[in-house]
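Generate coordinates for the entire structure from the input sequences, incorporating the hints supplied.
Residue numbers for the sequence shown follow this note's numbering, beginning at 5 and rising by one.
In short, the hints are calculated from the structure, not lab data.
Calculated cross-link-like contacts (lysine-lysine; reagent style DSBU-like; alpha-carbon spacing at most 30 Å):
#, residue 1, residue 2
1, 14, 75
2, 94, 26
3, 57, 14
4, 251, 133
5, 141, 327
6, 32, 63
Because the structure is a prediction, the values reported are computed rather than measured.
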Amino acid sequence: MKYNELDLQKIREVPIFDVCSKLGITLKGKGKITKRTLCWHHNDKHPSMRINKEKNIYKCFVCGEGGDVIKLVQEHENLDFREACDWLVKEFDVILTNHTVQNHVKSKPSAPPPPIVVPLDAALVTKSKGLGSEFCKAVVATGYLSEGQLRHAAERYQLGYSKEGGVIFWEIDEQQQVHTGKIMYYQPDCHRDKGHNPTWVHTILKKQLPADYELQHCLFGLHLLNERTERVAIVESEKTAVIMSEKFTDFVWLSCGGMQMLKPELLAPLAQYRIIIFPDADPEGEAYKQWADIVNETQRLYRFRYPIRLSPLLEQKTTKEQKERKIDIVDFLFEQDESHV
Numbered sequence: 005m006k007y008n009e010l011d012l013q014k015i016r017e018v019p020i021f022d023v024c025s026k027l028g029i030t031l032k033g034k035g036k037i038t039k040r041t042l043c044w045h046h047n048d049k050h051p052s053m054r055i056n057k058e059k060n061i062y063k064c065f066v067c068g069e070g071g072d073v074i075k076l077v078q079e080h081e082n083l084d085f086r087e088a089c090d091w092l093v094k095e096f097d098v099i100l101t102n103h104t105v106q107n108h109v110k111s112k113p114s115a116p117p118p119p120i121v122v123p124l125d126a127a128l129v130t131k132s133k134g135l136g137s138e139f140c141k142a143v144v145a146t147g148y149l150s151e152g153q154l155r156h157a158a159e160r161y162q163l164g165y166s167k168e169g170g171v172i173f174w175e176i177d178e179q180q181q182v183h184t185g186k187i188m189y190y191q192p193d194c195h196r197d198k199g200h201n202p203t204w205v206h207t208i209l210k211k212q213l214p215a216d217y218e219l220q221h222c223l224f225g226l227h228l229l230n231e232r233t234e235r236v237a238i239v240e241s242e243k244t245a246v247i248m249s250e251k252f253t254d255f256v257w258l259s260c261g262g263m264q265m266l267k268p269e270l271l272a273p274l275a276q277y278r279i280i281i282f283p284d285a286d287p288e289g290e291a292y293k294q295w296a297d298i299v300n301e302t303q304r305l306y307r308f309r310y311p312i313r314l315s316p317l318l319e320q321k322t323t324k325e326q327k328e329r330k331i332d333i334v335d336f337l338f339e340q341d342e343s344h345v
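Here it is as structure tokens:
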């Protein structure tokens with residue numbers, strides 16, 4: 005519905021405390037005019053977002069983000085301007101100048117039901133665990149991690165290894181169910197050995213699994229959600245997640261396993277977390293564009309507590325040569341360090 009200025013003024017006058025309550029935003033403070041809540045635009049440990057009843061606006065005194073009730077609904081319901089107005093009109097029975105209240109809020113497409121997971125035996129993970137893979141040796145030899153950091157990361161991510169020296173990246177979900185394991189091979193320079201195609205544990209065990217078995221992927225590292233943090237970073241490769249987990253410990257680092265592997269249903273378990281996603285660089289910016297579409301689709305299908313952030317870092321800061329090499333966040337940061345030596 006198209007709104008005139010008088011209608012918009014009426015919508016903006018919907019009490020902001022009531023809007024916060026409807027959106028599930030917890031307000032703190034005893035003041036009658038101003039209350040506080042955690043800012044959803046940054047990792048806020050102290051309530052920095054001020055909600056002003058008199059001015060009917062909100063503003064974070066740390067990052068400066070703020071707005072009126074329309075923008076508040078836009079941010080928390082992932083709606084555009086008109087849809088946010090429609091939502092407020094419907095939820096608060098705003099009487100418009102033509103006295104006709106219409107509901108134009110787009111109903112979200114039905115999210116797919118949670119997949120039925122047939123977990124693999126957890127003993128497979130336990131038996132495979134160790135630092136015997138070429139990947140683990142290369143991570144230390146190339147200076148990405150120290151031996152102590154590698155041991156810590158390997159234990160957290162429950163890295164395994166095969167008889168041929170491949171590393172096993174186990175996909176274990178937040179309920180500690182083992183979905184599968186991805187066996188990959190690495191060269192001494194810590195780049196993937198493209199002469200060995202990755203293999204999957206569930207494929208090796210095919211004869212032992214039910215005839216109607218169907219793999220349900222989950223993000224690598226998802227089992228770490230039980231740790232005390234609400235900040236999650238998602239990257240393409242498992243290698244990157246492992247290394248970054250020791251360098252930037254404020255985040256739980258997860259991997260989707262490849263550019264084409266990021267799906268809305270994989271992000272669904274993260275609905276209560278602050279998510280930032282780092283696509284790899286590439287000459288045409290395809291990874292960034294494709295993952296931007298996935299983020300938009302995900303937020304249409306599922307209700308997230310915070311907007312999902314897609315980092316433009318590599319898209320904006322990498323050189324043409326780096327884009328040609330399709331570097332990731334680890335490559336970028338380490339090359340930045342080397343350039344300053």
